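*Asks:* Spelled out from the first residue to the last, the chains are:
There are 2 protein chains.
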Amino acid sequence: MISKHEILNIFGENVRKFRRLLDISQEELAHRADLHRTYIGMIERAEKNITLINMEKIASALEVKIEDLLKN
Amino acid sequence: MISKHEILNIFGENVRKFRRLLDISQEELAHRADLHRTYIGMIERAEKNITLINMEKIASALEVKIEDLLKN
Chain A
1 MISKHEILNI FGENVRKFRR LLDISQEELA HRADLHRTYI GMIERAEKNI
51 TLINMEKIAS ALEVKIEDLL KN
Chain B
1 MISKHEILNI FGENVRKFRR LLDISQEELA HRADLHRTYI GMIERAEKNI
51 TLINMEKIAS ALEVKIEDLL KN
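Read top to bottom, the protein sequences are chains A and B. Sequential numbering of the first sequence, starting at 1, is according to the UniProt record's numbering. Sequential numbering of the second sequence, starting at 1, is according to the UniProt record's numbering.
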């Protein structure tokens, strides 16, 4: 799914990119971020409008800054 | 109110800072961002966990990047 909200696509693609750089599964990222695996999948596919607190959880789990997840 | 989530405080303080630099009211910012005035107040006071799409709306209305609203 491509969201009509480009910013969600950018965020989701960056989450997937950095997750793969760490060579971890969605399940492992979910565990590290204290979120649900299906939620991580929805974020990567830009199917959900993420909140700032969850953006921070994911950035922290990926060992990057929130800003890194917003770069196009 | 000070949120226990520091990132919400940072975001809210930056929204207020850039809004004042533009010398506009919460009501005017709300109008420009197509959000409600009380919502802008809650965001500035870190009382609400904002979503990425609304972060983008506010950044655009303030003529800054989302990243500028995350700087401590």
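Hints in this document: simulated from the structure, not taken from any laboratory. A hint or two may mislead.
Any copy, or any two copies together, can satisfy a pair, since identical chains are not distinguished.
[As the list claims (entries may be wrong)] DSS-like cross-link-like pairs, simulated, lysine-lysine; straight-line CA separation at most 27 Å:
#1 Lys4 <-> Lys65
#2 Lys4 <-> Lys57
#3 Lys17 <-> Lys71
#4 Lys48 <-> Lys65
#5 Lys4 <-> Lys17
Since the structure is predicted, the reported quantities are computational estimates derived from the model, not experimental observations.
*Asks:* Does each hint hold? Answer for all of them.
*Replies:* Hint check results:
| no. | hint | in the structure |
| --- | --- | --- |
| 1 | Lys4 <-> Lys65 | both (25 Å within a copy, 19 Å between copies) |
| 2 | Lys4 <-> Lys57 | both (24 Å within a copy, 14 Å between copies) |
| 3 | Lys17 <-> Lys71 | both (12 Å within a copy, 23 Å between copies) |
| 4 | Lys48 <-> Lys65 | both (20 Å within a copy, 21 Å between copies) |
| 5 | Lys4 <-> Lys17 | within (20 Å within a copy, 30 Å between copies) |
In the structure shown, no violation is registered for any of the earlier numbered hints.
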